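Undergrad: If you want the building blocks of each chain, they are given just below.
8 protein chains.
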Amino acid sequence: MVDSVDRQLLDILKDNARLSFADLGRKINLSPSAVRERVQKLEEFEVIQKYTLQVDHKKLGNDLEAFILLKVFPGQLKNILKKIKDYPEIEEAHRVTGSQNIHLKVVVKNQLSLQRLLDELMNFSDTNTFLILSKV
Amino acid sequence: MVDSVDRQLLDILKDNARLSFADLGRKINLSPSAVRERVQKLEEFEVIQKYTLQVDHKKLGNDLEAFILLKVFPGQLKNILKKIKDYPEIEEAHRVTGSQNIHLKVVVKNQLSLQRLLDELMNFSDTNTFLILSKV
Amino acid sequence: MVDSVDRQLLDILKDNARLSFADLGRKINLSPSAVRERVQKLEEFEVIQKYTLQVDHKKLGNDLEAFILLKVFPGQLKNILKKIKDYPEIEEAHRVTGSQNIHLKVVVKNQLSLQRLLDELMNFSDTNTFLILSKV
Amino acid sequence: MVDSVDRQLLDILKDNARLSFADLGRKINLSPSAVRERVQKLEEFEVIQKYTLQVDHKKLGNDLEAFILLKVFPGQLKNILKKIKDYPEIEEAHRVTGSQNIHLKVVVKNQLSLQRLLDELMNFSDTNTFLILSKV
Amino acid sequence: MVDSVDRQLLDILKDNARLSFADLGRKINLSPSAVRERVQKLEEFEVIQKYTLQVDHKKLGNDLEAFILLKVFPGQLKNILKKIKDYPEIEEAHRVTGSQNIHLKVVVKNQLSLQRLLDELMNFSDTNTFLILSKV
Amino acid sequence: MVDSVDRQLLDILKDNARLSFADLGRKINLSPSAVRERVQKLEEFEVIQKYTLQVDHKKLGNDLEAFILLKVFPGQLKNILKKIKDYPEIEEAHRVTGSQNIHLKVVVKNQLSLQRLLDELMNFSDTNTFLILSKV
Amino acid sequence: MVDSVDRQLLDILKDNARLSFADLGRKINLSPSAVRERVQKLEEFEVIQKYTLQVDHKKLGNDLEAFILLKVFPGQLKNILKKIKDYPEIEEAHRVTGSQNIHLKVVVKNQLSLQRLLDELMNFSDTNTFLILSKV
Amino acid sequence: MVDSVDRQLLDILKDNARLSFADLGRKINLSPSAVRERVQKLEEFEVIQKYTLQVDHKKLGNDLEAFILLKVFPGQLKNILKKIKDYPEIEEAHRVTGSQNIHLKVVVKNQLSLQRLLDELMNFSDTNTFLILSKV
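Protein chains in written order, with the numbering used here: chain A, 1 to 136; chain U, 1 to 136; chain R, 1 to 136; chain S, 1 to 136; chain F, 1 to 136; chain E, 1 to 136; chain Z, 1 to 136; chain G, 1 to 136.
Incorrect hints may appear among the rest.
[Said to hold, decoys possible] The calculated lysine-lysine pairs, modelled on DSS-like cross-linking and capped at a C-alpha distance of 30 Å, are:
id	chain 1	residue 1	chain 2	residue 2
1	Z	Lys50	G	Lys58
2	U	Lys50	A	Lys58
3	S	Lys58	R	Lys58
4	S	Lys50	R	Lys105
5	R	Lys83	S	Lys41
[To be verified] Chain F regions said to be covered by chain E (calculated; three or more residues, Cβ under 8 Å):
id	region
6	15-21
7	27-38
8	42-48
Bear in mind the hints are in silico, worked out from the structure with no lab data behind them.
Model, not experiment: these values are computed from the prediction.
In this text, a Cβ means the ideal position worked out from N, Cα and C, and glycines have one as well.
Between the sequences and the hints, there should be enough to build the whole structure, so can you do that?
TA: And the structure:
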């Protein structure tokens, strides 16, 4: 279903999701309309799920980024899955295997905001927090 | 430097990074050129780092996604930081605190590709792998 | 009670439990009836507990195999021991020493089926899941 | 490729892999030759990998069964994968994810034989041993 | 706000917080009144939080010093934060990230007083105690 | 050797180590010279080890405080004990029992300074870092 | 209170607690009555707490010896301390620091007796069992 | 081989290994010579391995008792097994299963002697130390 030209397109969009169909076409020797058709097909079949952006959190006043692994307390799984949607600090959340059950990526203003978030999460689960030092 | 209108713009772009300046403007009652100016300023000051996309890895033939925590062997930090760039399976890599040093997000075809990747990583570090079950 | 000829027989059957008494006899220079007598004695004294088979789970549509270690919640031991019988995904279950109490081998269709199983087990115990990558 | 009748056959053989084609046929209302054909197809496509048997290890003089998780030392993966084949005490071996790399099932005569095996394995890896208490 | 002379002053006071303004002035070539002014400003802006002292606990009859990491039980965070104030054995307490939530430094008379303290803390949290062997 | 009046004096000095002998005397109904004598005796017998101060590290430009537990690599104990003296970021260092050997308290400017410190420590030991969120 | 001759006596008794006063005296050049006096004084001051013996548990039909570390559940400390006295399988019990609270040495007939003991202990605490392989 | 009267004798000797044959006989209605015969048989068949004594270590100037679990470094097993014999602080040593390999019981004068012992052991293994708080 997805051929090698599609994969090229996806690779390019991954690096710059705002390129116009014309710019995309120039990079892979296709007409803008041929690109548009392929991209629309990739969107329709939900190969492409979302166009999004990466920001510099420090420049937005959020000094700390962290991964948090949660080991959910007995009977609290449903509650915490609902709650996760309500915290704007939580950027990403995944169910995972291992001795913990949920993996979060969070962005917070400072130590006190991280503590407030942990205080909330501690009602539902044990938490293990890994501060992000830098991107490799 | 970043005002509340900028933050609105960033929120909208986070959900759909391909919206045109006209569409963005309509959503926040600004002219396309005013939007363009703001977006360009956010790019210039590197508040916006990258426009990118999320894909459905299963539909691209990659059945397994996982987080891997690495505890780097003595003297191997520089080597592994270089190597990480070479593995296409590694989507994201961060230096972190905790009892491990590096946090990876990987996307692989199947168990054997995951094993091959782990075989490589085991030359530089202890590995702890958490299979991703679903996105919350 | 079990002599070295019996042990030879058991070794051969372990590799191919469907061999006829005649075939078994040929391999160890015994008459079919002598083999039958020995095998029946081994069954009678329950040295042989079961003839069984190994299948390729992937070919049956089950993409993931895993070991799961359970640390049972206070007061839930009896409940979980009963429940284990009801899950067809659980191939083997043993009580073990260590910081966990029960060791499972499970075969599931995919990540979502594994998640559903873990959701159930999480009512009775902490879970630690090890994905099987390959057989050595 | 594998239909519901095949699955029935596999379930029956899993409980008693030595049943004759006639006995199998009686259980699922098929002629012996139809059963034979199906079983041969399942063998041919390697859905069935092996007919084997379960024995009572205590009755064969082996008092201890255990799972051992190995965290392989840097550079020792290939060596230990080779070595594992040489130890008759090792019943099963799998590559796994988690903070360890290899999962073993072992059957040994007594504490001293377990110690001797661990002494060997300790040349290649950290070991974590879980004594099997009973089958659930 | 804090210049390099202030930092010098802070470094000297950290080694001997009882030095007179005259003595401090002599060490950094400032008049006593200039020192006084700077110190008062550092106190006013709460750069300096407290002048304190280090004692030899063994000489005061307290044989054991330890760090204790607490993993607070569900719903017990507020209770333990209040309780911590009441134990004179607890010298310092911090909220921390990691798999535990609170980090204590305690000074106790002997093993039995440590046990009594742990018995109390065990009502609110799991405890992990590290005996201090010496100061580096 | 240390009587209850001495203990009162130590408690007062712990809260404010810069109080004059006159102020100290007023608080416990002793003449300044009697206080001086007692304090000098406590210094002489090294009950008092040091007068020091607590500062607000954030106000000095150091955004992160953390505890780091080190598990020293084979043969590296002497090296790391020497090195610890050289890092100004390390506020306190203790030898401890537990599965790690050394306990540090560190104060650093930001994530990158913490990473640089960890890069150094990783030459001698495994590190486990707990970010300090607040003082209780 | 305890001099070097007493220590010699204690060392000898530790190796053979049934030696007569005459035999003890011969080994350290003292009269039987002088030895008796010293031993009685050591008993009186409770330096000697108990004369006991070491047996070969296997020869008494107990095949397994193990250490068990218990992490007591909230509110169960008193209950388990009482219960411990009732289990004849528990040879020694100590309160300890670390992430667990109680350290047991147990001697049991076989895997099933160990499982029965663990089933009981699991009502009060998490258990972590280390099988004893041999005495060094 | 060991009958119920022998077991009674062993139980009594475990509580007081210095009782005379006459005293032992009175407790179980046997003549002194019959007791002697039984005891000698138990010694001969090495059911009884050693008569020993329990002392109050604090009264002998040893303030700290601890269990230490060792995870032996690759290639160091033989060395450490030899070394263990040389440390008088080590009261008992066992090979164990679990993630560590050797279990020690040690008695030391104070924190510095414990540190010196750990410094030695750290040449051969990772150490995990549990301070004994009291006997249950």
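Undergrad: Now look at each hint and say whether the structure bears it out.
TA: Consistency of the hints with the structure:
1. Among the hinted pairs, Lys50(Z) with Lys58(G) is consistent with the structure: their alpha-carbon atoms are about 15 Å apart, no more than 30 Å.
2. A hinted pair counts as satisfied when its Cα atoms are at most 30 Å apart, and Lys50(U) with Lys58(A) qualifies at roughly 15 Å.
3. The hinted pair formed by Lys58(S) and Lys58(R) fails the criterion: a straight-line CA distance of about 33 Å is larger than 30 Å.
4. Straight-line distance between C-alpha atoms of Lys50(S) and Lys105(R) comes to about 18 Å, which keeps the hinted pair within the 30 Å bound.
5. Distance hint between Lys83(R) and Lys41(S) is unfulfilled; the C-alpha atoms sit about 35 Å from each other, more than 30 Å.
6. For the region 15-21 of chain F, the stated coverage by chain E holds: 4 residues have a C-beta nearer than 8 Å to a C-beta of that chain, and at least 3 were required.
7. For the region 27-38 of chain F, the assignment as covered by chain E is violated, since 0 residues bring a beta-carbon within under 8 Å of that chain's beta-carbons and 3 are needed.
8. Counting residues of the region 42-48 of chain F whose CB lies closer than 8 Å to any CB of chain E gives 4, so the stated coverage by that chain holds, three being the minimum.
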